[in-house]
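**Student:** Here is what each chain is made of, one letter per residue.
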Amino acid sequence: DIQMTQSPSSMSASVGDSVTITCRASQTIDTSLNWYQQKPGKAPKLLIFAASTLQSGVPSRFTGSGSLTDFTLTISSLQPEDFATYYCQQGYNTPPTFGGGTKVEI
Amino acid sequence: EELLVESGGGLEQPGGSLRLSCAASGFSFRSYGMNWVRQAPGKGLEWISYISSSGNNMYNGDSVKGRFTISRDNAKNSVFLQMNSVRAEDTAVYYCARSLMVHAPFDIWGQGTVVTVSS
Chain A
1 DIQMTQSPSS
11 MSASVGDSVT
21 ITCRASQTID
31 TSLNWYQQKP
41 GKAPKLLIFA
51 ASTLQSGVPS
61 RFTGSGSLTD
71 FTLTISSLQP
81 EDFATYYCQQ
91 GYNTPPTFGG
101 GTKVEI
Chain B
1 EELLVESGGG
11 LEQPGGSLRL
21 SCAASGFSFR
31 SYGMNWVRQA
41 PGKGLEWISY
51 ISSSGNNMYN
61 GDSVKGRFTI
71 SRDNAKNSVF
81 LQMNSVRAED
91 TAVYYCARSL
101 MVHAPFDIWG
111 QGTVVTVSS
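Respectively, the protein sequence lines represent chains A and B.
For the first sequence, this note's numbering puts the final residue at 106, and the numbers step up evenly by one.
For the second sequence, this note's numbering puts the final residue at 119, and the numbers step up evenly by one.
Bear in mind the hints are in silico, worked out from the structure with no lab data behind them.
Keeping only pairs whose Cα atoms sit at most 16 Å apart, straight-line, the calculated EDC-like set for lysine to aspartate or glutamate is: (1) K45/A to E2/B; (2) K42/A to E81/A; (3) K45/A to E81/A; (4) K39/A to D82/A; (5) K65/B to E46/B; (6) K103/A to D17/A; (7) K39/A to E81/A; (8) K42/A to D82/A; (9) K39/A to E105/A; (10) K65/B to D1/A; (11) K65/B to E89/B; (12) K45/A to D107/B; (13) K103/A to E81/A; (14) K42/A to D107/B; (15) K45/A to E46/B.
Residues of chain B clear of chain A, computed beta-carbon distances all greater than 10 Å: (16) E12; (17) S21; (18) G26; (19) A75; (20) T91.
Facing chain A, from chain B, some residues (calculated, C-beta under 10 Å): (21) Q39; (22) E46; (23) W47; (24) I48; (25) G110.
Cβ coordinates follow ideal geometry from the N, Cα and C atoms, glycine included.
Put together the whole structure using the sequences plus the hints.
**Tutor:** Structural data, given as structure tokens:
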């Protein structure tokens, strides 16, 4: 199975900050990388797919980049509703696997 | 509105069985693959099962292989997860999630149903 490693596991930030989350795959996955946002007690929500394509309805302050094994999610100008846990997930092969999550706290 | 609603969770003893259901609405259910993803308390996300749009292809994660079975009824716009021989480590919130195919992103999620395995 492909292992997905996210860093950091948690971070503190303020409204208006720019934050970057990193995701590393244990083997090359081309651009088969998706990002999800999860708020407490809620289901995950797809933010970005294929490493850099914004899902419909997601604000443009979310940006994804990377390929092969190294990927980043950047949130520019953090808003109060962005404080959540973020997960990366590889869709390169089966089983699909998730990173351990990054909690963005105030 | 595209919606998935899970049901069937609850408390079960180790070794017992549960059947989860996920009802879809607002989209062409028979055109999409469906998945089950779970989240143990305080933990991350774990994909456990996929079924293709036709129901002809299924994949399971190693942690549930031989115990859980995914199925679907396209006439009823529903996907199911039959959970047998449940263990304490199966305790989690179970989400159904839509994907166009097996390696596609999970673009719609249900609200989840809680399964607790305990004596």
